[in-house]
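2 protein chains.
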Amino acid sequence: MQKKISLYENIYSEQDNLAKKINEFLTEKDIFTINILGGAGAGKTSTLIQTIKRLNDIKSYVIEGDIESDIDTKTLTALGVTAFQINTGGNCHLNPIMVDTILKKIDICQKGVLFIENIGNLVCPADVIIGEHIKILICSIPEGSDKPYKYPLAFQKADAIILNKMDLKPYIDFDSDFFYNGVRALNDEAKIFEVCSKTGEGFDSFIEWLRKEIYNQNFLL
Amino acid sequence: MQKKISLYENIYSEQDNLAKKINEFLTEKDIFTINILGGAGAGKTSTLIQTIKRLNDIKSYVIEGDIESDIDTKTLTALGVTAFQINTGGNCHLNPIMVDTILKKIDICQKGVLFIENIGNLVCPADVIIGEHIKILICSIPEGSDKPYKYPLAFQKADAIILNKMDLKPYIDFDSDFFYNGVRALNDEAKIFEVCSKTGEGFDSFIEWLRKEIYNQNFLL
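Residue numbers (our numbering), protein chains in the order written: chain H, 1 to 221; chain X, 1001 to 1221.
Same shape as in the complex, but just chain H:
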């Protein structure tokens, strides 16, 4: 008798197992890990900078995922943030193998928060776990209010959604009701925070939520 084997299922379950191992490793080290998702240019790095500034009583680490370049890692390092770069070549999302490889090379002794900034892409990273405790989706109003309808998975999987570039609201046709209805049809629970990562406006309530989330997951940072 022959047994059918699905190659894809096997690859994914192996990767998921590795992601679970990474998650256990990070939990044990008291490192609360956030997978940051969002399209190209949504403002992931500037949101990170505003967040890290406000968590200055906690050690922050950043792993920057990019197809190419280390522009964001240089920006973060210049600000004194402990940041590491993964360049995927052409790969459209981070995977647990990449995260595992870099975690084995870097020094993360101190407990704290690890932000993993995924590739700028609303599609592919949404479906892959890489060891995180929560997923945060960053979108920006110039991208348009129809994004939850067109890229549902990222909105479904997010624990929190940051709606960035609110300073541009007066100059953009952004239909807030359409956006919120789209999100709520997919995800009842995710908190939504309207911010401007250029000025820092709106970050206080996001940081309050994040601190609670860290505490609720039993991390004493």
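Worth flagging that the hints you see were computed from the coordinates, not collected in a lab. Fair warning: this is a prediction, and the values are worked out from it, not measured in the lab. All residues carry an ideal CB built from backbone N, CA and C; glycine is no exception. Any given hint could turn out to be false.
[Claimed, not checked] No farther apart than 16 Å at their CA atoms in a straight line, the calculated lysine to aspartate or glutamate pairs in the EDC-like style are these:
{"no.": "1", "chain 1": "X", "residue 1": "Lys-1198", "chain 2": "H", "residue 2": "Asp-100"}
{"no.": "2", "chain 1": "H", "residue 1": "Lys-21", "chain 2": "H", "residue 2": "Asp-100"}
{"no.": "3", "chain 1": "H", "residue 1": "Lys-53", "chain 2": "H", "residue 2": "Glu-208"}
{"no.": "4", "chain 1": "X", "residue 1": "Lys-1169", "chain 2": "H", "residue 2": "Asp-167"}
{"no.": "5", "chain 1": "X", "residue 1": "Lys-1198", "chain 2": "X", "residue 2": "Asp-1167"}
{"no.": "6", "chain 1": "H", "residue 1": "Lys-111", "chain 2": "H", "residue 2": "Asp-57"}
{"no.": "7", "chain 1": "X", "residue 1": "Lys-1053", "chain 2": "X", "residue 2": "Glu-1201"}
{"no.": "8", "chain 1": "H", "residue 1": "Lys-198", "chain 2": "X", "residue 2": "Asp-1173"}
{"no.": "9", "chain 1": "X", "residue 1": "Lys-1059", "chain 2": "X", "residue 2": "Asp-1030"}
{"no.": "10", "chain 1": "H", "residue 1": "Lys-74", "chain 2": "X", "residue 2": "Asp-1146"}
{"no.": "11", "chain 1": "X", "residue 1": "Lys-1053", "chain 2": "X", "residue 2": "Glu-1208"}
{"no.": "12", "chain 1": "X", "residue 1": "Lys-1074", "chain 2": "H", "residue 2": "Asp-146"}
{"no.": "13", "chain 1": "X", "residue 1": "Lys-1191", "chain 2": "X", "residue 2": "Glu-1208"}
{"no.": "14", "chain 1": "X", "residue 1": "Lys-1111", "chain 2": "X", "residue 2": "Glu-1024"}
{"no.": "15", "chain 1": "X", "residue 1": "Lys-1169", "chain 2": "X", "residue 2": "Glu-1194"}
{"no.": "16", "chain 1": "H", "residue 1": "Lys-169", "chain 2": "X", "residue 2": "Asp-1030"}
{"no.": "17", "chain 1": "H", "residue 1": "Lys-212", "chain 2": "H", "residue 2": "Asp-159"}
{"no.": "18", "chain 1": "X", "residue 1": "Lys-1191", "chain 2": "X", "residue 2": "Asp-1204"}
[Said to hold, decoys possible] What the simulated footprint calls covered on chain X by chain H, stretch by stretch (three residues with Cβ under 8 Å from a Cβ of chain H suffice, anywhere in the stretch; the number is not a length):
{"no.": "19", "region": "1068 to 1074"}
{"no.": "20", "region": "1151 to 1159"}
Starting from the known structure of chain H, arrange chain X on it as the hints suggest.
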């Protein structure tokens, strides 16, 4: 003696062969075909609408690629454009099989221009030919001036680059020199057009270029 076979190479070359067949089919039918690339929310559909309005002496067809939803197809159809929808489910780019399947189902007897709007994603669609005569990349200034450095392939492969949402320039830190230098390091030849697809500003020179391109490729539309 064993011969090494790369599975990926075989899949890709089969798909590339199909793309070439699609290209021949469309060329024979006098349908000049444009693969429209760009991140989520760059303004691909609104750019299409402005373009089609200005090509009103030529028959236009649109194939809309989306993960889910038919929002853009409905918008185009309401404007009287002949538009067809491909929903890829979770797939992050269109492939020649999808395009071939839809071309077999639809009626495109009249010569003209076919716009294929790819999935909103700066990464994956850049590497796949789907039968097009040219590729146009649409990006928008709120996405930031570092995009050519972070997503080089899309910029390398584009025949023209449309820089959209120029109306937001006064409110955004967009470094034009950095953007242009980044593009030019990758692609000497692509024309770059600064436009606002909301108002139609800047479209005249793009349309002039597009008409020349159609003519230069021996399409008499």
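Discussion item. Hint by hint, where does the structure go against what was stated? Just the numbers, ascending.
Written reply: 1 and 16
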